[in-house]
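Asks: Sequence:
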Amino acid sequence: MSRSPLGARSGAGSAEAAPILCAGHPRDMGLAQGEALREVIREAVVSAGLPSRRSRWPSLRPLVSGPLRGAGPGREFFRHFAHQAERLEGLAQGADLPLDSLLALQLRVGAGDVGGLAFAPFASAPVASASAPFASATLASASLAPSAWIVRESRPVVGFRSLECTLAWLVPAVAGINETGLALLAPLSRSAELATVHGAPPVLLVQDCLARFENVEGALDWCRKRPVEGERTIRLADAAGARGCARFRGRTREIEAAEPGEGGLLRGGLIEGGGYAGGVALDPSPRSLAIEEVGAASGGGSAGLVEVVTAILEFRLQPLPSAGACSD
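Going left to right, the sequence shown walks through residues 1 to 328 as our numbering numbers them.
These aren't lab readings, by the way, just hints derived from the structure by calculation.
Among these hints, one or two may not hold up.
Unchecked claim - Calculated pairs, SDA-like style, for lysine to any residue (alpha carbon to alpha carbon, straight line, at most 25 Å):
| hint | residue 1 | residue 2 |
| --- | --- | --- |
| 1 | Lys225 | Ala239 |
| 2 | Lys225 | Arg69 |
| 3 | Lys225 | Asn215 |
| 4 | Lys225 | Arg249 |
| 5 | Lys225 | Arg54 |
| 6 | Lys225 | Leu320 |
| 7 | Lys225 | Val45 |
| 8 | Lys225 | Ala240 |
| 9 | Lys225 | Gly199 |
| 10 | Lys225 | Glu256 |
| 11 | Lys225 | Glu254 |
| 12 | Lys225 | Thr252 |
| 13 | Lys225 | Gly250 |
| 14 | Lys225 | Arg79 |
| 15 | Lys225 | Ala258 |
| 16 | Lys225 | Arg251 |
| 17 | Lys225 | Glu293 |
| 18 | Lys225 | Val158 |
| 19 | Lys225 | Arg212 |
| 20 | Lys225 | His83 |
| 21 | Lys225 | Glu179 |
| 22 | Lys225 | Arg247 |
| 23 | Lys225 | Glu214 |
| 24 | Lys225 | Arg38 |
| 25 | Lys225 | Asp208 |
| 26 | Lys225 | Arg108 |
| 27 | Lys225 | Phe160 |
| 28 | Lys225 | Ala211 |
| 29 | Lys225 | Ala71 |
| 30 | Lys225 | Ile255 |
| 31 | Lys225 | Leu266 |
| 32 | Lys225 | Gly70 |
| 33 | Lys225 | Gly241 |
| 34 | Lys225 | Gly159 |
| 35 | Lys225 | Ala257 |
| 36 | Lys225 | Arg253 |
Between the sequences and the hints, there should be enough to build the whole structure, so can you do that?
Replies: Laid out in structure tokens, this is it:
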């Protein structure tokens, strides 16, 4: 295996890659993602039939106003998830797209409207370099070319660092692991209940928990209390071996916790209901996120075909240099 400058390890025959680095205050992190993936995000907005021309004139109306941000899930997004709303503003600015268009994408995906989106093996993985600091690891999409899935590293000014897998235009992670070993996985669903949902989507809880908590207990308590609405299952694991699950259906939720020692690797697909053709594996011990592909191979003799899981790329959170550190 080989190692890239930012800590991604690639298997035999695959290219090196590095996560997109999103660091700083929430707006700064969104800005970095938007600038790095401007063309991919713009294509998603156009494909969804949403406005793509950003106004050059400052608006005098309140931020939380209008048909999308002034009512329903859009208002609840800005009201209860202020840091992610600020990150969304940076994403829109970096991608040079209207804020409402990107908010509409967040809500559509959060409500289960993922269209033909599917997991597919990595299409490309550009090598990070000094001239391309935002080199991205991207997965191909069945309907949203050239790439929809990304791996990014979030380094907030306040909160824990984390490695995350998400869509190029999404603020919250779909899967991620933070520097303390807390891992969360919330596969996208195809329920498409946007017309009946009035609260913020549960997937926003993933990003909150990665930044705030060290263990499953604290994260589950957050999932139990925060005002969200929709259909989603969030699985959790931590470095102490604890596991948990939060299931959301409309405004009701079911929280389950397992005793420490039952944990370990957290593995699953990124989209529910499509079969596990590939996805992510989150390991709390080395703080790693691996992108996997599932295939079949001959087991020899009478064994027939057996399932083979291949790690296409593996990313690990590397320790940051101390303030007084120096290099030769």
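Asks: Please go over all the hints and tell whether each is borne out by the structure.
Replies: Checked hints:
1. Lys225 with Ala239: OK: lysine 225 and alanine 239 at ~23 Å, within 25 Å.
2. Lys225 with Arg69: Within the cut-off at roughly 23 Å; holds.
3. Lys225 with Asn215: Within the cut-off at roughly 16 Å; holds.
4. Lys225 with Arg249: holds, 15 Å
5. Lys225 with Arg54: violated, 36 Å
6. Lys225 with Leu320: Judged against 25 Å, a Cα distance of about 33 Å means the pair is violated.
7. Lys225 with Val45: Status violated; Cα separation ~32 Å.
8. Lys225 with Ala240: holds, 23 Å
9. Lys225 with Gly199: At roughly 13 Å apart (the allowed maximum being 25 Å), glycine 199 and lysine 225 satisfy the hint.
10. Lys225 with Glu256: holds, 14 Å
11. Lys225 with Glu254: holds, 12 Å
12. Lys225 with Thr252: holds, 11 Å
13. Lys225 with Gly250: Holds: lysine 225 and glycine 250 sit about 14 Å apart, inside 25 Å.
14. Lys225 with Arg79: The given pair, whose Cα atoms are some 15 Å apart, holds under the 25 Å limit.
15. Lys225 with Ala258: holds, 19 Å
16. Lys225 with Arg251: Holds: lysine 225 and arginine 251 sit about 11 Å apart, inside 25 Å.
17. Lys225 with Glu293: violated, 35 Å
18. Lys225 with Val158: holds, 21 Å
19. Lys225 with Arg212: The hint holds at about 14 Å.
20. Lys225 with His83: holds, 17 Å
21. Lys225 with Glu179: holds, 24 Å
22. Lys225 with Arg247: holds, 13 Å
23. Lys225 with Glu214: holds, 17 Å
24. Lys225 with Arg38: violated, 35 Å
25. Lys225 with Asp208: Cα-Cα ~12 Å, so holds.
26. Lys225 with Arg108: This hinted pair holds, its Cα atoms lying about 23 Å apart.
27. Lys225 with Phe160: With a Cα-Cα distance of about 21 Å, the restraint between lysine 225 and phenylalanine 160 holds, given a limit of 25 Å.
28. Lys225 with Ala211: Judged against 25 Å, a Cα distance of about 17 Å means the pair holds.
29. Lys225 with Ala71: holds, 21 Å
30. Lys225 with Ile255: holds, 11 Å
31. Lys225 with Leu266: Cα-Cα ~24 Å, so holds.
32. Lys225 with Gly70: At roughly 23 Å apart (the allowed maximum being 25 Å), glycine 70 and lysine 225 satisfy the hint.
33. Lys225 with Gly241: Judged against 25 Å, a Cα distance of about 23 Å means the pair holds.
34. Lys225 with Gly159: holds, 19 Å
35. Lys225 with Ala257: holds, 15 Å
36. Lys225 with Arg253: holds, 10 Å
The structure fails hints 5, 6, 7, 17 and 24 (numbered hints given earlier, in ascending order).
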